[in-house]
Each structure stands twice: as C-alpha cells, then as structure tokens.
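Asker: Sequence:
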Amino acid sequence: MKFDVELDRFDIRILHALQADGSLSNQELAEQVGLTAAPCSRRVKQLEESGVIARRVVRINERAVNVSLIAMLHISMDKHIPERFEAFEQAISELPEVMECYLITGHDADYQLKVAVSDMDAYHDILLGKITRIRGVTGVKSAFVMRKIVETTAVPLSYIKPSK
Numbered sequence: 001m002k003f004d005v006e007l008d009r010f011d012i013r014i015l016h017a018l019q020a021d022g023s024l025s026n027q028e029l030a031e032q033v034g035l036t037a038a039p040c041s042r043r044v045k046q047l048e049e050s051g052v053i054a055r056r057v058v059r060i061n062e063r064a065v066n067v068s069l070i071a072m073l074h075i076s077m078d079k080h081i082p083e084r085f086e087a088f089e090q091a092i093s094e095l096p097e098v099m100e101c102y103l104i105t106g107h108d109a110d111y112q113l114k115v116a117v118s119d120m121d122a123y124h125d126i127l128l129g130k131i132t133r134i135r136g137v138t139g140v141k142s143a144f145v146m147r148k149i150v151e152t153t154a155v156p157l158s159y160i161k162p163s164k
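So in UniProt numbering, spot 9 of the sequence shown is number 9, and the numbers just go up one at a time.
Accuracy of the hints is not assured; some may be wrong.
[Unchecked claim] Using 20 Å as the maximum straight-line C-alpha spacing, the simulated EDC-like pairs for lysine to aspartate or glutamate come out as follows:
#, residue 1, residue 2
1, Lys130, Glu94
2, Lys45, Asp21
3, Lys141, Asp121
4, Lys148, Asp125
5, Lys114, Glu86
6, Lys130, Glu86
7, Lys114, Glu100
8, Lys164, Asp4
9, Lys79, Glu89
It is worth saying that the hints were derived from the structure and are not from the lab.
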C-alpha cells in the first residue's frame, strides 16, 4: 500500500515527538514542535486521517503484569495455498499471547511469531493446546528471549523527504 502524503518539517517533528511520547497533550506537543495549539491539533488529525498515524497505544511493562517469558516461534505449514495461510492467520490473530506474527521468506519456516506468556507452563499450554492444533501447522521451532537489547516501536523517519 502506497501512501501519497506530503509531510513538511512540522509534520515530521510531530511524528518524532509522538513516537517518543504518545501521551503528550496537544499543548505540550505544540510547544515541542514550534506551533500553536490549533494548527498542531489540525496536523495531528490530518496525520491520523491519512493513515500516517495508524493508532496510539499504551506500552505495558510485561514483568509488571506477570508476563516474563517471551518466545520467538518459527512455524512451518504443510501447504502453501492462500486458504491455508488465511486460516492460520485468522486463528493466530485470536490468541492474545501472540504479540507479533510475520509471514516470512528466506528461512525454513513460513511464519515468525512473538509470543508472551507468564512462564514455561503457560508456553506449553499455548503451544500444544492451541498453536500446533491449527490446521496445516507441521513444525514449530522455539527460541526464548533471555534479554532485550533493543526494543522500540519508533519507525525511522530519516527516509522522509520533507515538502516545502
């Protein structure tokens, strides 16, 4: 999907500021980017309506809510047909433990998942009770996160060519 949106230096500043802290009030945001409140609010609304800002979310510290095991799974499918992939993607989308799911290439798996659970027992339950029961899943390889080195939701904005 290609977006045909022109962004100027104020739009880019807004995006930088909101990626750093999505809880900024409009007034705080306006002050940070060098605008008054009304034009800043209009720009944010335009960025949301155009789809540049997809949504705003709250990031929760996993350990604070008893989620201390993160697993990266590589899933292999039996058939590479649209119906099989659609069914898998629908089923996996319904599991709240699945934080991310990617259809991948260049690997011996078809999907990569990021799964968050409380402990190894919970992982065992979701793996054997749900994921491996999805029709078409023929293999799962798991790796467990020992420590996070880089974690961000910020999209690099250096690729934007500002409009005048």
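Asker: Decide, hint by hint, whether the structure agrees.
Answerer: Now the hints, each set against the structure:
Between Lys130 and Glu94 the CA atoms are separated by roughly 10 Å; this keeps the pair inside 20 Å, and the hint holds. Between Lys45 and Asp21, the direct Cα distance comes to roughly 17 Å. Compliance with the 20 Å bound is thereby established for this hinted pair. Distance restraint check for Lys141 and Asp121: the Cα-Cα separation of roughly 17 Å lies within the 20 Å cut-off, and the hinted pair is therefore satisfied. Between Lys148 and Asp125 the CA atoms are separated by roughly 24 Å; this puts the pair beyond 20 Å, and the hint is violated.
For the hint linking Lys114 to Glu86, the alpha-carbon distance of about 19 Å falls within 20 Å, and the restraint holds. Between Lys130 and Glu86 the CA atoms are separated by roughly 16 Å; this keeps the pair inside 20 Å, and the hint holds. Proposed proximity of Lys114 and Glu100 is supported: the alpha carbons are some 5 Å apart, at most 20 Å. This hinted pair checks out: Lys164 and Asp4 have alpha carbons roughly 16 Å apart, not beyond 20 Å.
Proximity of Lys79 to Glu89 is assessed by CA-CA distance (about 14 Å); at most 20 Å being required, the pair is judged to hold.
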